[in-house]
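Colleague: Use these hints to put chain B onto chain A, whose structure you have.
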Amino acid sequence: MEWIALANPSRFLALAERLLPWLAAATALAFAAGLYAAFFVAPEDYQQGATVRIMFIHVPGAWLGMLGWAIMSVAALGTLVWRHPLADVALKTAAPIGAAFTFVCLVTGALWGRPMWGTYWVWDARLTSVLVLFLMYLGLIALWRAIEDRARAARAAAVLTLVGAVNLPIIKFSVDWWSTLHQPASVFRVGGSTIHPAILAPLLVMALAFTLLFATLYVSAMRNEILRRRVRTLRLLQVQTVQGA
Amino acid sequence: MTALAALLLRDTRLAVRVGGGALMGVLFFLLVVTMVPFGVGPDLKLLARIGPAILWIGALLATLLGLDRLLAADHDDGSLDLILMGHAPLELAVAAKALAHWLTTGLPLVIAAPLFGIFLNIDGSAIGIVALTLLVGTPALTFIGLIGAALAVALERGGLLLPVLVLPLTVPVLIFGIAAGDAAILNAAPFGAPFLILIALTLTSVVIGPVAAAAVLRHGLD
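In the order they appear, the protein sequences are chains A and B. According to our numbering, numbering within the first sequence proceeds without interruption in unit steps and concludes at 245. According to our numbering, numbering within the second sequence proceeds without interruption in unit steps and concludes at 222.
The hints are simulated quantities; they were obtained by calculation from the structure and are not laboratory data. The reader is advised that the hints may include incorrect statements.
Below 20 Å or equal to it, Euclidean Cα-Cα: the simulated SDA-like pairs (lysine to any residue) are [unchecked claim]:
| hint | chain 1 | residue 1 | chain 2 | residue 2 |
| --- | --- | --- | --- | --- |
| 1 | A | K172 | A | D124 |
| 2 | A | K172 | B | K45 |
| 3 | A | K172 | B | L174 |
| 4 | A | K172 | B | I199 |
| 5 | A | K172 | A | W63 |
| 6 | A | K172 | B | A200 |
| 7 | A | K172 | A | M222 |
| 8 | A | K172 | B | T204 |
| 9 | A | K172 | B | A193 |
| 10 | A | K172 | A | F103 |
| 11 | A | K172 | B | L196 |
| 12 | A | K172 | A | H58 |
| 13 | B | K45 | B | V164 |
| 14 | A | K172 | B | L203 |
| 15 | B | K45 | B | I118 |
| 16 | A | K172 | B | F119 |
Bear in mind the structure is a predicted one, so any value in this text is a computation, not a measurement.
Extracted from the complex, chain A is given alone in its bound form:
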């Protein structure tokens, strides 16, 4: 079977059914290993104590939140160039998942900031650019909900996704510039810029676990969306036959 054949929704469904249990199991294993390492193996930071462990959830959340938009940009190309229904599905289902991971990053960041900086929120460059990313996710989800025609919604959302992909680095850069102008970055560099291997290893395991979780949620969300569309089509057909009879 060629790789491109997966673009057929039925083949994708079949593959998803086979893949999902393995993905879920791998996610559980990676989380077990990662959480164990994060809580029992990784040393406490000499300044931050146990709160440094928040990082093991916070940082992968941020990575996956950004990865979500990257995936959507690829799907958006699929929607605009090939007008492929599966690309529409991939584009639509990535948005809530990416938003959820970004939200996890924001919440854990606030909880981490309280003991470290003495406040839940500072207008630090990184926090602010993640907040803007989150707001753009919410806007995109609102856009999906505003249009009833699915194909049209997909194309409008695809253009906005690509505009966002171009703009997000610019926003990131300008927010960095804005924040460093007002406050020195060194204050908010908690834990130093270099990460010790004893902390880096659990972080990478947790990043892997988060990535697997993302993949599991994403594949099952795509499967659900395809099934939802089929149910809708069947219902419409049913109504048509009832009216025709």
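Modeller: Coordinates of chain B only, in the frame set by chain A:
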């Protein structure tokens, strides 16, 4: 080229003669500027310090207010379909429309800004600099907003969705516009770098805005 010039002229004439959109934007701008002292108190020193920020946010909100008129009227009476089918490239056609929209809504804001700066106790030369940043920066707001206007037309649903989609994209313009404006107030702040970046942002959005808006219209209206 003549078709684009005709479109630009037509849109400008329509905006000037019908509806009073330009005046409404300036009035809204004045109201925002008036509301801020009620919020933060009548401290003239504080107002002078945050004056550029107030003017910029007022201009941003006033620009957003007019955006849904940018393409919606043409969509309602069918002339947008004619533009879509016409010989002129759609990107340039919507760019011409956005330029006309800026001339009739953005430029009045820039012209009104020095007057409103007096209300905020910004001194003479600083007012000039803030107005200059607005002159350079507001086209970026209109051209970014063009994407939102195209989406609103394709959705046939405007309302709050348009600002929700557009506002995050305007963050860089706001940052560098206010940074350059602040340079007039704080002597230590640099002016050249943020001002040049503001120009770059405007030029970038003049390219991205029409291309994205044309893509939305092509794919969205079928």
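Colleague: Determine for every hint whether it applies to the structure shown.
Modeller: Evaluated hints:
Of the supplied pair hints, the one linking A/K172 and A/D124 holds, its CA atoms being roughly 12 Å apart against a limit of 20 Å. Distance restraint check for A/K172 and B/K45: the Cα-Cα separation of roughly 32 Å exceeds the 20 Å cut-off, and the hinted pair is therefore not satisfied. Our distance criterion of 20 Å between C-alpha atoms is met by A/K172 and B/L174, whose separation comes to about 13 Å. Restraint check for A/K172 and B/I199: satisfied, since their Cα atoms lie roughly 18 Å apart, inside the 20 Å limit.
Between the alpha carbons of A/K172 and A/W63 the distance comes to roughly 14 Å, so the proposed pair stays at or under 20 Å and holds. At most 20 Å may separate the alpha-carbon atoms for a hinted pair to count; A/K172 and B/A200 meet this at roughly 16 Å. Taking the CA atoms of A/K172 and A/M222, the gap is near 29 Å; set against the 20 Å cutoff, the hint is violated. About 16 Å separates the Cα atoms of A/K172 and B/T204, which keeps this hinted pair within 20 Å; it holds.
Taking the CA atoms of A/K172 and B/A193, the gap is near 17 Å; set against the 20 Å cutoff, the hint holds. Using a Cα cut-off of 20 Å, the hinted pair A/K172 and A/F103 holds, with the two alpha carbons roughly 17 Å apart. A distance of roughly 18 Å separates the Cα atoms of A/K172 and B/L196; the hinted pair therefore holds under the 20 Å criterion. For the proposed pair A/K172 and A/H58, the alpha carbon gap of about 18 Å is at most 20 Å, so the pair holds.
The hinted pair formed by B/K45 and B/V164 fails the criterion: a straight-line CA distance of about 33 Å is larger than 20 Å. Straight-line distance between C-alpha atoms of A/K172 and B/L203 comes to about 19 Å, which keeps the hinted pair within the 20 Å bound. Only pairs whose Cα atoms come within 20 Å are accepted, and B/K45 paired with B/I118 is accepted, the gap being roughly 13 Å. A threshold of 20 Å between alpha carbons decides the hint, and for A/K172 with B/F119 the separation of about 34 Å lies outside it, so the pair is violated.
Hint check: violations occur at hints 2, 7, 13, 16; the rest are consistent with the structure.
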